[in-house]
Structures are given as structure tokens and as C-alpha cells.
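J.: Sequence:
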Amino acid sequence: MSRSTFLKAEVVIVGGGPAGLLAAQRLAEAGHQVILFEAQATVGRKFLVAGHGGFNLSNAEPEAPFATRYGPDSTAFSQFLTHFSPSELRRWAAELGIETFVGTSGRIFPLAEHKPADLLRAWVARLQQLGVVLHTRHRWLGFEGSTGLRIQNTASGEELVIEPKVTLLALGGASWAKTGSDGAWVPAFESIGMPCVPFLPSNCGAEVAWSAFFQQKVGRAPLKNIALRCGAQRVRGELMLTEYGVEGTPVYALTPALRQELATGQPATLWLDLKPDLTDEQLLNRLRTPRRGKSLADFLKQVLHLTSPVPTLLREVAPTAATASPEELDRLLRHLPLPITALRPLDEAISTAGGVSWEELTPDLMLRQRPGTFVAGEMLNWEAPTGGYLLQGCFSTGAWAAQAMQAYLHA
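Here my numbering is used: the first residue of the sequence shown is 611, the next is one more, and so on.
Bear in mind the hints are in silico, worked out from the structure with no lab data behind them. Computed from a prediction, not measured in an experiment: that's the story for all the values here.
Below 30 Å or equal to it, Euclidean Cα-Cα: the simulated BS3-like pairs (lysine-lysine) are:
#1 Lys885 - Lys911
#2 Lys834 - Lys885
#3 Lys788 - Lys725
#4 Lys904 - Lys827
#5 Lys827 - Lys885
#6 Lys834 - Lys725
#7 Lys904 - Lys834
#8 Lys827 - Lys911
#9 Lys775 - Lys618
#10 Lys885 - Lys904
#11 Lys911 - Lys834
Sequences are here, hints too, so could you generate the full structure?
T.: Dropping the structure here:
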């Protein structure tokens, strides 16, 4: 059995992701003594993995529509974004020597020569200059008494019992467990009578029961410049057909709507518009062009510049397309049904919905049951689409919690 060591501390932060690291920086800059614990061998593991797909830090969308990206939590996030905005994030990155730019889509990226590891390295160096004490390979085990924490050194097995004046928990969501974002903290919350909203996949692929022929013929193939609809929500972008179903930005954005439809116990439907730039009249007029014996594949290539994998997709989900009238083909190309049987597993999701319920928190992100303990980042029950909104949400909640922690210390 490992022995326990009892420690006192001013500020303890558990979790070395964007929310925890930014809070540590803010509090240290304000002159507080900060100790940060991270379960992994290094901080920022999920941050680095997220950067592999394009280092999208935030988005330059105006504040009002930006906040709506957080759905039912938009009012709270409007406050967080006002406190630490995308512009503030860009200034913060510049102070670390990482210049950024706004892409044509409105997304904010570092300049090409800056990699995720460069930013993280500069950030950790800044924290060390400020005197932040970083302890990696230290896992949070749960609460101790009314204000304490139990943390285990996973290398030695030693257990620490720490009594901080103020605590921030930024333990992440429940996807990409290999980075430390595994949701393993939930039982500790439930053990003190604080139920959490069950984690669900967000920003993830969706499964379609493709035939073996389709899987072999198509495999992975993009459909560019399309629109997808689920219920009343419609999203433009690029769709990727995969062996298991579909993925890509439009699918990710429609994950909440798909979850809602699938919750009925029936398959959900994604409606695919293959020519969203054409008006209904333009599309139908082109389809009324005489086919003169051409195959459907050759005809679609001639009049609409639709090539592989569209003919194979039509054969898969609408076998009558080959002999359809122009009017019937028009309806199919505008509203092609993709039957969704399930979402991809939780651990594959880019992010998660679920976590600590807002009802358990004060507006300052402090746990009502444990004064002096704050929560930030993906632990909170929120979701947002890709495009910079996820990282910005983590940064902004971390900054918001940090200023509330300062106020608590000075009260």
C-alpha cells in the first residue's frame, strides 16, 4: 500500500490541456503560486493531436454568431468569449512568438512555419518562467474531505493529499483516451452525489450499411461542394465516403441532429444535395438534355460534371436512378437519402457532449457543492462544431475560471 503525503498549496490545477494551461498562466501572471498536475508524461497531448489535422486555433467570425455555435449554451459562452476572445487568443499566441492569420474560411491558423509543438514548447517555457510547477505522471483520484484532492504519482505509486486554497479541474472529455481525455473522473464526481451528463460522441463520423460491392468499389472517396441536411439543419462542405459510412465537416456539424434522430431507436437520414450551387430550374433544365443512349455515368459527367463516385453512390442508395425521368433524377440529386444506422464510437469522436452539468456550477464555473473548486474545458457539458470553436471554447472557459479564482482568493 502506498503512503500518503499531505501538502498545502495556494492554487492547484489538474489537467494540462488548453484550459488548464491558460488558467495556470493567467494566475501565475497575477502573482499566485500555481502547481499543475497532468496524468500523462507530457502536457498538451490532445492539443498536439488536434493540430495534426490542421492547426486551427480559432475563428474570426463576429462575436454574436460565434456564440451561437455553442447551441443552448450560447448565453454563457457569450460571456466567456467577451472575456477571452479570438482576437485575445491571437495576441496571446503572438506574445509566445506564434504569429497567426485568418484563412479564406474565417478560420485562424498559425503561419505555416509554426507547428503545434512549437506553440506548446513556447507556452511551457513561459509557464516555467512564471514559476508554475508542473508535475506530469500525476493522476487525480478524487476529492478528499470538503476542500482536498487525492493525486497519485503513477511512477512511484505515492499518493498525495493536497489542500489548496483554490482548485481548477480541467480533466477533459471522453474521446481520444490515449491522450488522457478518457472521462475517468466521472465516478469521483458521482461518489459525492454530483451526477454528470452522460458522454456522447460529437463531431464524429456516421455509419451507413454499405454493400460489399460499394465498399470495394469506392472505399474512401470525397464529394466536394455538396450540402447535407438533417431535419431542418443544412450544412455546406466536403463529404468523405468511407468504408464504414460518411465523415467530414458537414457530418460533424450535424452530429447533434443525428443523435436526436437516432435516439428514437430508428435509423436517421442525411439528405445529400449534390448540386447546391444550381437553382432548381437550372438543375432540371440540364437534366432535360437528351441522353441519346448515354449511360447514367456518362450523362451526369456531360451535363453536371458529376463523376466517380456519384454513379456508384446512386446505384447503392437509389437503384432506379439509371432509368429515372429528369424530374425523378432531379429529386434524387437534390435529396439523396443516406440512411445512418449509428454514430462512430465515442473514443473516435473529435469531441464529446456531456460532462459536468451547468446546474452544478455557479456562473463563475465553481462547483456549488465545493466552494473553491472550479471546472473548465471539455469537462463541461457543451459542444461546438469544428472550425476553431472547440479550442476557443477551452481557452475561453479556462480564462474565465482563472479570473473567478483570483476573485475567490481575494474575497
